[in-house]
Amino acid sequence: RKEVEQDPGPFNVPEGATVAFNCTYSNSASQSFFWYRQDCRKEPKLLMSVYSSGNEDGRFTAQLNRASQYISLLIRDSKLSDSATYLCVVNEDNNDMRFGAGTRLTVKP
Amino acid sequence: NAGVTQTPKFQVLKTGQSMTLQCAQDMNHNSMYWYRQDPGMGLRLIYYSASEGTTDKGEVPNGYNVSRLNKREFSLRLESAAPSQTSVYFCASSERGQEQFFGPGTRLTVL
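Chains H and Z supply the protein sequences, listed in that same order.
Mapping of the first sequence onto this note's numbering: residues 1 to 109, in sequence order.
Mapping of the second sequence onto this note's numbering: residues 1 to 111, in sequence order.
Just so you have them, the derived chain H footprint on chain Z, three or more residues with Cβ under 8 angstroms:
no., segment
1, 37-43
2, 102-108
So the derived list for chain H, only partly shown, Cβ under 8 angstroms to chain Z, looks like this:
no., residue
3, Pro44
4, Asn91
5, Gly100
6, Ala101
Each pair of labels, with its calculated beta carbon distance range:
no., chain 1, residue 1, chain 2, residue 2, range
7, H, Gly54, Z, Gly97, 17 to 25 angstroms
8, Z, Asn70, H, Arg76, 40 to 48 angstroms
9, H, Arg76, Z, Lys14, 45 to 53 angstroms
10, H, Cys40, Z, Glu95, 23 to 31 angstroms
11, H, Gln69, Z, Val88, 23 to 31 angstroms
12, H, Gly9, Z, Ser84, 25 to 33 angstroms
13, Z, Val12, H, Gln69, 35 to 43 angstroms
Hint data in this document are derived by calculation from the structure and do not stem from the laboratory.
In this text, a Cβ means the ideal position worked out from N, Cα and C, and glycines have one as well.
Work out the full structure, taking the sequences as your base and the hints as a guide.
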């Protein structure tokens, strides 16, 4: 079983739609959690950290459920520019970040 | 601030050849990492260096060696390249447990 699992998609949604991604992790001792965004043939870049209380950054909301060991990312009012692959990242031991394989999102006009 | 830089951007090797991938960061981070990314697999950690002078194996270290030359530079060496090492290689740096900043990647093909 992979340490970090994501639905690979692709998710194809129209502009303005709300879309949600989930990610599950296997190590209950994991310490911190992140969502990264990766554009085609580019490096991953941090989208947002995920806090226990949940956090929001504009149209993006991240939630953490430690009991069920999953993380979610909600994107509201999708834009064409949101098309990318979204990587769930779990920090197991400060220097041991585990990456999910990514969920691909395409937002269509 | 260049952030994290990597060279080369592209490389084609024949089986058995050796090469070194270079990485440098100008953010004064203590930790540096080498990952490989393959389709459907996500990023997998090859080696990391928690501080200058230390290196540790990650998830997939076989066939690779690393050198933390100084605080800025962390190189990855393939001594005898194999087709299974065809991948995109990313270097990253961070402070311990914090956001990682990635370089632009090296696309390596081993024939």
